[in-house]
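Respectively, the protein sequence lines represent chains S and E. Counting from 1, one number per residue, gives the positions in the first sequence under our numbering. Counting from 1, one number per residue, gives the positions in the second sequence under our numbering.
Cut-off 16 Å, straight-line C-alpha distance, at most; resulting in silico cross-link-like pairs (EDC-like, lysine to aspartate or glutamate): (1) Lys68/S to Asp239/S; (2) Lys11/S to Glu102/E; (3) Lys135/E to Asp124/E; (4) Lys101/S to Glu192/S; (5) Lys30/E to Glu65/E; (6) Lys68/S to Glu243/S; (7) Lys7/S to Glu102/E; (8) Lys210/E to Asp185/E; (9) Lys378/S to Glu74/E.
The set of hints was computed from the structure by calculation and includes no laboratory data.
Spelled out from the first residue to the last, the chains are:
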Amino acid sequence: MILQSLKMAWKAIATNKMRAFLTMLGVIIGVTSLVVLVSLVNSATKSVTDTISSLGNDMLTVSISDNKDKPLAWQEVMALQDQYGFAEVAPLATASVTAKKGSTSDTIRLTGTTPGYAAIQGLTLAYGSFFNVADVNNNTYVAVVNSYTAQTLFAGGSAVGQTVSLGGVAVQIVGVLEDEEGVLGFNSQSLEAYIPYTTLMRISDSVREVGSFVVVPPAGQTADQAQATLTALLLNRLDGDAEAFSIVNATDIANAMESVIGTMTFMLGGIAAISLLVGGIGIMNIMLVSVTERTREIGIRKAVGASYASIMAQFLIEAILISLIGCAIGILLSWGIVFVIGALAPAYNFGLSIGVIGIAVAFSALVGIVFGSYPASKAAHKNPVEALRSA
Amino acid sequence: MIQMINVSKFYQMGDETVHALDHANFSVAKGEYVGIVGPSGSGKSTLMNIIGCLDTADEGEYLLEGQEIGNYSETELAHVRNRKIGFIFQDFNLLPQLSAAENVELPLIYKRVAAHERRQMVSDVLDQVGLAQRKSHRPAELSGGQQQRVAIARALVTSPSLFLADEPTGALDSKTSAEILRLFDQLHQQGNTILVITHNEQVADQTERKMQIKDGHVMEATA
Ligand SMILES: Nc1ncnc2c1ncn2[C@@H]1O[C@H](COP(=O)(O)OP(=O)(O)O)[C@@H](O)[C@H]1O
Ligand SMILES: [Mg+2]
Numbered sequence: 001m002i003l004q005s006l007k008m009a010w011k012a013i014a015t016n017k018m019r020a021f022l023t024m025l026g027v028i029i030g031v032t033s034l035v036v037l038v039s040l041v042n043s044a045t046k047s048v049t050d051t052i053s054s055l056g057n058d059m060l061t062v063s064i065s066d067n068k069d070k071p072l073a074w075q076e077v078m079a080l081q082d083q084y085g086f087a088e089v090a091p092l093a094t095a096s097v098t099a100k101k102g103s104t105s106d107t108i109r110l111t112g113t114t115p116g117y118a119a120i121q122g123l124t125l126a127y128g129s130f131f132n133v134a135d136v137n138n139n140t141y142v143a144v145v146n147s148y149t150a151q152t153l154f155a156g157g158s159a160v161g162q163t164v165s166l167g168g169v170a171v172q173i174v175g176v177l178e179d180e181e182g183v184l185g186f187n188s189q190s191l192e193a194y195i196p197y198t199t200l201m202r203i204s205d206s207v208r209e210v211g212s213f214v215v216v217p218p219a220g221q222t223a224d225q226a227q228a229t230l231t232a233l234l235l236n237r238l239d240g241d242a243e244a245f246s247i248v249n250a251t252d253i254a255n256a257m258e259s260v261i262g263t264m265t266f267m268l269g270g271i272a273a274i275s276l277l278v279g280g281i282g283i284m285n286i287m288l289v290s291v292t293e294r295t296r297e298i299g300i301r302k303a304v305g306a307s308y309a310s311i312m313a314q315f316l317i318e319a320i321l322i323s324l325i326g327c328a329i330g331i332l333l334s335w336g337i338v339f340v341i342g343a344l345a346p347a348y349n350f351g352l353s354i355g356v357i358g359i360a361v362a363f364s365a366l367v368g369i370v371f372g373s374y375p376a377s378k379a380a381h382k383n384p385v386e387a388l389r390s391a
Numbered sequence: 001m002i003q004m005i006n007v008s009k010f011y012q013m014g015d016e017t018v019h020a021l022d023h024a025n026f027s028v029a030k031g032e033y034v035g036i037v038g039p040s041g042s043g044k045s046t047l048m049n050i051i052g053c054l055d056t057a058d059e060g061e062y063l064l065e066g067q068e069i070g071n072y073s074e075t076e077l078a079h080v081r082n083r084k085i086g087f088i089f090q091d092f093n094l095l096p097q098l099s100a101a102e103n104v105e106l107p108l109i110y111k112r113v114a115a116h117e118r119r120q121m122v123s124d125v126l127d128q129v130g131l132a133q134r135k136s137h138r139p140a141e142l143s144g145g146q147q148q149r150v151a152i153a154r155a156l157v158t159s160p161s162l163f164l165a166d167e168p169t170g171a172l173d174s175k176t177s178a179e180i181l182r183l184f185d186q187l188h189q190q191g192n193t194i195l196v197i198t199h200n201e202q203v204a205d206q207t208e209r210k211m212q213i214k215d216g217h218v219m220e221a222t223a
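With these hints in hand, go ahead and build the complete structure from the sequences.
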């Protein structure tokens with residue numbers, strides 16, 4: 001019977017293709033916007049989270065807000081590495097000073113740290129090398145600059161071995177970083193330099209003891225396990241005050257990011273779903289017209305023995321079929337749109353999201369059922385004598 | 001086969017009640033070929049709709065093959081129309097988007113006959129009405145007489161207990177009318193029960209037994 005109803009529905013749709021297409025238009029637009037929006041957001045999310053995890057998913061950043069007058073010396077922080085077997089530990093402090101070379105001068109952001117930081121952040125050098133442990137121990141005046149700084153201050157010439165004035169102190173450049181691709185594909189447009197932690201203590205008055213440092217867990221340990229170790233030792237060190245410090249886990253950041261994007265997907269999907277509902281109202285509208293026009297057909301079918309249920313099934317299946325054909329067209333259209341956008345912005349790896357296609361099909365079927373029910377029941381309830389008399 | 005006891009049907013038109021059928025009493029035996037004649041508006045179609053279970057009576061008892069139809073549900077009535085009644089209408093009532101064969105097949109689909117059996121049955125009855133060559137034509141591609149034959153084939157295909165024809169020749173010229181009436185004669189000779197409703201005395205004269213209807217009153221015609 002379902003097969004027969006499908007055949008009948010298909011025939012009815014094929015008899016009036018233009019009308020069927022116009023009926024589907026709302027569903028086509030709804031499904032296309034749903035599938036395209038959700039697919040784009042999903043693909044973008046994936047490339048953003050991939051970037052975040054490539055930055056070191058298991059890195060922990062410790063910040064101390066209240067040292068209880070027992071400041072942590074950088075040596076003490078460095079010692080944690082051997083004490084607890086962390087893969088890397090690096091103290092971190094920043095300061096902004098004026099960089100001056102010849103007649104060029106501008107504000108530069110200095111990051112004072114130890115060589116381990118280069119490995120943690122995955123910094124790669126284009127020229128020269130990173131400063132070493134001896135430079136930290138001897139507070140040598142050396143710096144590694146980003147490529148923008150090298151280009152700005154040395155106008156394309158080789159920067160390695162040159163001297164630059166940072167906050168009034170002459171510092172020798174030992175390395176230049178590679179041109180970096182930021183998270184969203186933009187190169188950094190600011191002056192940045194990495195110098196030994198101890199050197200920054202000399203240059204900047206505000207840097208004394210360690211206020212923050214980054215830690216990479218020991219091999220075979222998760223960020224959460226390392227976080228527990230660090231929490232225990234800092235509680236011990238800071239009079240058991242959990243408010244005196246904070247530890248940020250990179251996994252937490254990735255999770256927060258994913259939840260924000262999840263909410264965004266949900267909202268965009270919701271808006272698209274509303275347009276699908278509007279498409280459903282379009283189906284109901286045309287189906288009601290169609291039922292009125294086909295009153296005589298309904299009368300004839302009833303005269304030869306169609307029951308209430310078979311007429312209901314016929315029109316309901318017609319509505320569902322219209323909705324699903326619209327859905328299929330919408331998915332094809334989405335595929336084309338996502339393909340074109342993907343070709344225009346290859347960095348994001350845009351692709352159709354399979355999950356949302358499933359949702360679109362299920363939702364379209366539901367729209368067909370919900371909005372087809374009323375016209376179908378109207379058709380099924382027609383009195384056969386009156387239906388046969390109608391023109 | 002059919003038994004009507006005091007069957008009435010009323011229509012309320014404003015303040016006035018129209019007695020489309022007024023205490024009709026009659027019966028038809030199995031295998032009879034009965035003509036019902038009456039002027040326009042006398043209640044012929046109303047009677048046929050009740051006999052054919054398209055409509056139910058407001059009063060009285062109607063028994064079809066001994067079964068009281070009065071309390072049947074909509075679904076049960078559809079079932080009776082499908083299995084026991086073969087309708088033939090004045091304006092054929094074929095579905096224009098379907099071919100002759102598909103139109104004939106329709107009642108079998110609602111009867112849930114398997115597809116391969118349907119094909120055989122459809123081709124048998126189209127043969128019987130002489131339209132084997134026209135099975136894939138649509139109604140618009142057929143003459144009035146041919147369309148009425150398709151309608152007869154559609155009535156025939158379920159082997160109903162009762163053929164009900166409402167003005168079957170009303171839209172046809174006299175030559176084609178004669179052909180259709182010959183088909184009815186054949187059906188009658190094969191033992192089928194036929195009720196033909198008409199306002200045309202010549203058509204009624206072909207039948208075995210004649211009844212008259214006037215202002216909703218049904219009576220046996222005096223020969
Ligand atoms: N649905 C209806 N509403 C009101 N009056 C009706 C309706 N159907 C039939 N009638 C009335 O009932 C009477 C009998 O109609 P009908 O059975 O169609 O007559 P016939 O077929 O003999 O021409 C007529 O007076 C007609 O106006
Ligand atoms: Mg009539």
